[in-house]
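Please put together the full structure from these sequences, using the hints given.
Given next are the chains, with one letter for each unit.
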Amino acid sequence: MEYTELIKDYLDDATGHLNRIDTSLLLLEKNGANKDIIINTLGSLHTFKGNSGMMGFESLKLYIHQVEELLKKVSDNEISLDRVIDGLLNSANVIRGALHEIEKDSAANPDLTENILGLQHLMECPDNGHERQMVDPLSYLGTKTDTIKVDFKKLDDLLNLVGELVIFKTRLNQIETRIRGEVNNKSLSKELNAGLELMGKTISGLQEGIMKARMLPVSHVFSKFPRMVRDLAKMQGKEIQLLFEGEDTELDKTVIDELEEPLLHIIRNAIDHGIESISERIKKGKNRSGRIILSAAQESNYVIIKIIDDGRGINFEKIKEMAIEKGLIKSEDALDKESIISLIFSAGFTTKQQATDISGRGIGLDVVNKNISKLNGHVIADSITEKGTSFTIKLPLSLAIIPALMAETGGEVYAIPMSAVNESVKVKEDDIHIINNHEVIRFREKVLPIVRLSEFFGLGSKKRKKIYLIIVGRAEKRIAIAVDRLRGQQEIVIKPLDETFGKSYGIAGASISGDGRIILIIDILAFWNKKSKK
Amino acid sequence: MNLPPSGLAEDILADFKEPKSELHLVTFNIGEEYGVPISQVHEIIRVGNITIVPNSPSYMEGVINLRGKVLPVLNLRKRLKLSERDMSKASRIIVTEVGDKVIGLLVDAVSHVIKVPAGFVETAPEEVLEVDTDYITGVGKLKERLIIMLDLEKLLRREKIEIKAEQQSSRAAGEVY
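Each protein sequence line maps, in turn, to chains A and B. Under this note's numbering, read the first sequence as residues 1 to 534, first letter to last. Under this note's numbering, read the second sequence as residues 1 to 177, first letter to last.
Think of the hints as simulated: they come from the structure by calculation, not from any bench. Predicted model only: the values in this text are computed from it and were never measured. Among these hints, one or two may not hold up.
Cβ-Cβ distance ranges computed for the label pairs, FRET-style [what the hints assert, rightly or not]:
1. A:E182 - B:S91: 27 to 35 angstroms
2. A:L6 - B:H42: 50 to 58 angstroms
3. A:I380 - B:K69: 33 to 41 angstroms
4. B:E122 - A:N34: 58 to 66 angstroms
5. B:P117 - A:E164: 50 to 58 angstroms
Here a beta-carbon is modelled for each residue, glycine too, at the ideal position from N, C-alpha and C.
As structure tokens, then:
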């Protein structure tokens, strides 16, 4: 953040505190000493003091400290309120003057030494004469602010309304198409079309505007980690630098909130298992301090977040051994690097024999995978031995409106979040083979298991000569979902399903299409859960 | 007008409190005539397009679009384990609100909106009823008709427990293969 922006934030905040302090002091003047009011005022003063110190306004900080001390004395009944209330009210004006000075010139650092001495004097001999601080009447108005605080729920409600608007617009477009076919009045349908187009543009603008209003920079999450990294590194006798890149990339607040935990797990892993101890790093000829980079960047409708460390990297042999031991794979399976890495996201997988108190035991990366999938995103890992490991998280910009692939099967239409889809292909039924009682397909030199959506959901479906396969997931975890037909890509508004349905297996939520029908959104994760059970 | 023996103003006024003296009911048919308090009913709608939710409890009929909201619909016959019947032209969905939960109940037909005296509901004699008396607050007699009062709160609370049980058993079944 720019310094001038920080100053602006500080002034906004300071004006708020000052107004609260002023109101409380006026109340105290009118009604006499009241413990609750005094305690609240002390709280405001304390925060205000801290902020001022952080911004480097040393003299102002000391002055506020003096005011705090004076009020504490009143609170402890050492000085009676009416003997110092004038002085206290005056001090608010002194502070106001100082803030005004800072507002006019952000380089200013008001010197309040004399006022501090005045307050000390007041504390020693109360109600002894003190000069009235005169302030510019304009400064009573405080600094003007460009931001307002809004309850997030209000933004949520607005977004819901926009979501409905998007649905109604699709509906009107469908009616327009019908009118064009049925009513023989070219100029009328042309006008209707133009009107709808304009409305569509306005709705898109509205949608974008509200989505933007809900966005926060990822620095909100990132900034939570430096302290943790420092403390953990110290505890383990390591030296670790945490670097940020693109921390002003913005994401929907709901996504930001859900991102904290997955990032925590990944960073903890990097500290505990990735980065080596100082001596080990020196022996390897690496820089003595390890490095973790947290980066964020926007790519069209997605945000890519990367966590990169320069530690020892993933030990492929060890992962393979562990996976065989746990029965996740067979020893004769020939796996490539990508497939081995994807194993670390399996439930209960950990290579560290001894769990540290931070990383815990056995949980971690499978939770990361689950949480990210819940956000309709996905995570992949990559690693080079002795060079380091990287995690890449791909997330949709918003949780509420996502792009989805519409697929029809057994007469029903389902939505599959695009973030999970690799590609889709049309194949002949003859291309499908059966191995071990499972239907599979040979696709790009790999054998992929097929899940027929109609069977998975217990719907009837006619045999067709040609079906569509939607490839989802990554590496060894790729699955081909078989559907009757594809219906193109669409932006859908996600609505949660009522809990009356329980955790309906394989359904992540519902959406309403332009013609008013309800379309269910598929929970991709369910396919693997089912598969692992077999 | 008879004054209460105490002669106190509050006792006199107590007689005028409306809710005590009358009950407003919506009655509907699923084999027998059932009733719920009108205060729990939002509206009554025709059965439109119901989207089936796969892998959900069998008595959950699916979801419908109620003016932009996704409304769950429960098949009351299946829920009360009565014999099943196909939907007809008379079938309706009663949109109810209990607690903070809005849910649709699929019934064969809606009969009446009636007012009955407060003392109308009596405890249900267990042996005469086809359904589990757990979900019944009582039975009322209106001339020749018998109206079974449904306890929606209990019915929907039970819901959650049974969903859990059903899911556990389906999970156990899944592990067999």
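Going down the list of hints, with the structure as the test:
| no. | hint | result |
| --- | --- | --- |
| 1 | A:E182 - B:S91: 27 to 35 angstroms | 32 angstroms, holds |
| 2 | A:L6 - B:H42: 50 to 58 angstroms | 51 angstroms, holds |
| 3 | A:I380 - B:K69: 33 to 41 angstroms | 37 angstroms, holds |
| 4 | B:E122 - A:N34: 58 to 66 angstroms | 59 angstroms, holds |
| 5 | B:P117 - A:E164: 50 to 58 angstroms | 44 angstroms, violated |
Violation of the numbered hints given earlier is confined to hint 5; every other hint is satisfied by the structure.
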